[in-house]
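Asker: Listed below, chain by chain, are the residues.
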Amino acid sequence: MKIVRIYVTYKPSVFDPQGETITSAVQSLGYPQIKKIGVGKFFDVQLDDSADLEQTISEVAEKLLVNFNLETYRYQVLEEQK
Amino acid sequence: MKIVRIYVTYKPSVFDPQGETITSAVQSLGYPQIKKIGVGKFFDVQLDDSADLEQTISEVAEKLLVNFNLETYRYQVLEEQK
Amino acid sequence: MKVAVVVFPGSNCDIDLYEALTSVCQAQAEYVSYQQDNLSGFDAVMLPGGFSYGDYLRCGAIACFSKIMPAIKAFAEAGKPVFGTCNGFQILTEAGLLPGALKRNDSLKFVCKTVGLKVENNQTIFTQLYQQAEQIKLPIAHADGSYYADQATLAELEANHQVVFRYVGENPNGSLHEIAGITNRRGNVLGMMPHPERAVEALLGNTDGLRLFKSLLTGNLKEAIN
Amino acid sequence: MVTEMTPEEIKIKKPYLNWGLSEKEYNYICQKLLKRLPNYTETGLFAVMWSEHCSYKMSKALLRKFPSQGVRVLQGPGEGAGILDIGDNQAVVFKAESHNHPSAVEPYQGAATGVGGIIRDIFSMGARPIALLDSLHFGEINRPRIKYLINEVVAGIGDYGNCMGIPTVGGEITFDSCYAGNPLVNAMCVGLMDQNDMQKGRAQGIGNAVIYVGAKTGRDGIHGATFASADFADERETQRSAVQVGDPFMEKLLMEACLELTHQHQDWLVGIQDMGAAGLVSSSCEMASKAQSGMELQLDLVPQREPNMSAYEIMLSESQERMLLCVKTGFEEEVKQLFKDYGLEAVVIGRVTSGHQYILWQHGQKVTDIPVSSLTEDVLEEQVPEKQPQRIQTAQEPITWLAQFDVEHVFYQMLQQPTIASKKMFTQTYDSQVRTNTVVGPGSDAAVLRIRRTKKGLAMTTDGNGRLVYLDPEVGGKLAVLEAAANLVASGAEPLGITDCLNYGDPHDPEIYWELHHSIKGMAAACRALKIPVISGNVSLYNENNHQAIYPTPMVGMVGLIQNLQPRATIALKNAGDQVYLIGTTKDDYAGSELQKLLTGSISGKLQDFDLASVTALLKKMLTAVQRGLTNSVHDLSEGGLAVAAAESAFATQFGLRLEVDLSDQQLFSETPGRFLVTVPAEKTAGFTDLLGSNAQLVGQVTAQKTLELKTLTGCYQLDLLQAEKLWEEAIPCLMKSKD
Ligand SMILES: Nc1ncnc2c1ncn2[C@@H]1O[C@H](COP(=O)(O)OP(=O)(O)O)[C@@H](O)[C@H]1O
Ligand SMILES: [Mg+2]
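Chains as they are written, first to last, in full-length UniProt numbering: chain A, 1 to 82; chain B, 1 to 82; chain C, 1 to 226; chain D, 1 to 740.
Hints listed in this document are in silico derivations from the structure and should not be mistaken for laboratory results.
Cβ coordinates follow ideal geometry from the N, Cα and C atoms, glycine included.
A portion of the hints provided could be inaccurate.
Unchecked claim - Residues from chain C that face chain A, not an exhaustive set, calculated with beta carbons under 8 Å:
#	residue
1	E94
2	L108
3	Y148
4	A152
Bound conformation, chain A alone (with noise of 0.2 Å):
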């Protein structure tokens, strides 16, 4: 067994409210140290070894973990388990 980690965030030229809305809370709570926080969200894939992982993880993504208008994604190979 493999647990692949998918992360997906906005792509830079998109307006991301949440990461702004949630940047202005921590500033205003005091930390002006922090100058930015950005928000993203991962998806922990628990795979059978037999599978191609490569393929699998990006048909899964491009079909439907990701949308491209306005995401994009990276992963990593977190663990193999037996």
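On the provided structure of chain A, position chains B, C and D with the ligands as indicated by the hints.
Answerer: Just chains B, C and D with the ligands now, kept in the frame of chain A:
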């Protein structure tokens, strides 16, 4: 300037309806090799070098970014920039 | 004319569309389950608002993989009318039947209220009974209605008169170019965030949405398709 | 896996005390009911089923004071929700429920699952839920924690109802420092049904299947029911296990599937009940108890989300979005298939048995074997001492007060008081229109929904004013019922019935029990005078934070029937030149008023009693006037009195008012109950005054200017309504934004 990534997930005992729904959607798309998809969010926090990283991060996580009734977090220093 | 109202798991404005078509406009309509794969016998398809699959992942994303979707795509490709409101619009963009995407409102909150709209193109089968540039009011009720597309796509939408409804006065969600509703290039697929089906009876206080249904149902479709 | 204590260890170590079971109760169970020591699982079942939340052991005797009969009552208290006949073979179903404690701990999920729970109560009766209302009470908006609570609670309520496609059409939100540590989150759901579809939560017929449907069982909210029945101190760690997460998408599927089952396959179904507080144990033993059946369940068959759950955990879990069915033998497969079509799991977990035992099996062991009634019927009703609180004993004079104040200044201030100011910032995050039946949504005296394919409408409201009940529980209780009835009458609806949420502090405090007793007495008296039965309700006790109780706050949810939606009045002014009438007598009523709060910062004094008979007669006449279409607008006078009601009637219209009243300046803000502000078109004034007689006093006209001109016995004022409306609308957004 440092960037710290804070990962927030549901505690394992907490029911995650979104993860369940996405998992079954992916499986019915024809990916039986995917056993489970967990969902989380992350925050990329840009910090002044001057900041006491550990303390700032744990304070901000606790005050704003994480709901301890349901969630837990981990963090990781991503990079140091000039 | 017979209209299919498609019901996905979590759709909840299906009855509103159905009643607007049947009890208000006296048209023929039928509910069609997301598990069916065939739309033969229908002259138009409508995708209702609601929360298909609980809005989990992204609004409308999971519904795109329903069994009915290929039939809807074929229907649209054949040039027949397809209409989506609210979650229906989100599904149409996720399915690629309309360009762009709908993201979280700038306020980050769900908003239910009546907003001002301008009819930007009355040369479509959905808007032929409105005046060009007419201002109307329709209810909105969504958390993810901020229309986004890249600059090139926006320019193309404008150049082809695909923007059919634009918010006037206040932009309630942060949509680029104040876009409230668009068609595809051919003009036979319309998606919009506002709910015309909530504005078809005087008893409920607003009838500005009625002409959208009447436009479609008049049958004698002006050749609005370019 | 943790090893469980043996029955003997339980007897010695008394863990049940922490679960809310008293030693006296434990001994009674051992000696009288079982004649043996209960094991760990059984002790847990007793603790939760004997909690106040499930058994009403302390409030039962008081609740019997409510009238619950009436010609329209098809189902009174005792089932998931009450049902009333509305003619044409249709019925209206409603119930309210509190989720105060879960919301104090986890406001978003607490509020959301409160809404989810009340919706299940409605569709388990066979009714389609058509509307939600909420009654929320928070601390003053002055600290980040309070703002956080408000935002999260409102979002939790909105998100659940929005996703379900059930419009949230009304409610109330008030603010007072007594709720700071213990907010009140009450939700009400209204359903509509054909009378032939009525269901009950019963399990009968030996051999019939007990079927579990919906979400899997996890370790959520174990002991939520006892938690709701225990004092609430700042021990956050121990409460965290109680957090449940709502899944409105699952509930939407569950609702549609259950409605298909109850509407189309009644021949398969014997009974249906939702799993609410105390989950599987309370639903299953109540279903068996109501039918005087026995029941055996195989816990290994219960769908489980987590490994190694004990019998105790499975039975007490409060995982959301689950229902329990009793299905006739032979139809199990059909039922499973029906749910499968909605993507849901339905599992036979047991059978109805002969006799009256409640038997649970796990891993081949019999883990429970006790009489069903020992959990439901045999609960010891608790006798609680009561005592009149000091503040009420000390004889007080009514506040008649003549402190000088500047009318103009107070008028604008009053509109910005959070309890009076516009709640649009919150209500506009609720979908109030979905299903296209909402004729009047949030912002009027009562919400109104039409009933499709008839001329009829349903009006509904929630009302509760803790301040008044605090000053005098009995008079305050009457006022809560009266306020709700007045809101319905103003909408042209005949009040049909009541549901309530009784929110109080720790009933073991004799003064609090006295408050509970006397407010119920007052409510019951008003119900009897107005002939409105109480058909369902909910009791929430232990609303305290660090031993500081909230104001006693009974919430009244009331539903009324509009026979003909066509002549219809709303609070909004309609037409310049209409005559304005003030209905009812204005006295010096300032105790507990918004004016007192504004000028003195607190509330005090003696509440003046009022005559129920004459108010009832007045409401009847008002209803006739609205039904005959004599009125263009009607608004009942409540917080802030005449001046505030006049301003509210003018907001969002292009009109103003010119009024001349035989009142003192301060009486403009008096809160004497049983009054309305009414506008009548010129051609109907004769009919109107004939009907209302001396109750109606002509006080002015609707004008085309956005000003409120007020002439009193002592002064003359020109109030700018545009400015007033702006202040009224911006007050709450401004408070919510400010950074302290
Ligand atoms: N929590 C809420 N949810 C929905 N509607 C609300 C809520 N709070 C207030 N409202 C609406 O705002 C209006 C004014 O509320 P309120 O001041 O309590 O009215 P009243 O004094 O007539 O009882 C009502 O129409 C009510 O339905
Ligand atoms: Mg009122």
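Asker: For each hint, tell me whether it holds in the structure or not.
Answerer: Evaluation of the provided hints:
1. E94: holds (7 Å)
2. L108: holds (6 Å)
3. Y148: Result: holds, 6 Å to nearest chain A Cβ.
4. A152: violated (12 Å)
Checked against the numbered hints above, the structure violates only hint 4.
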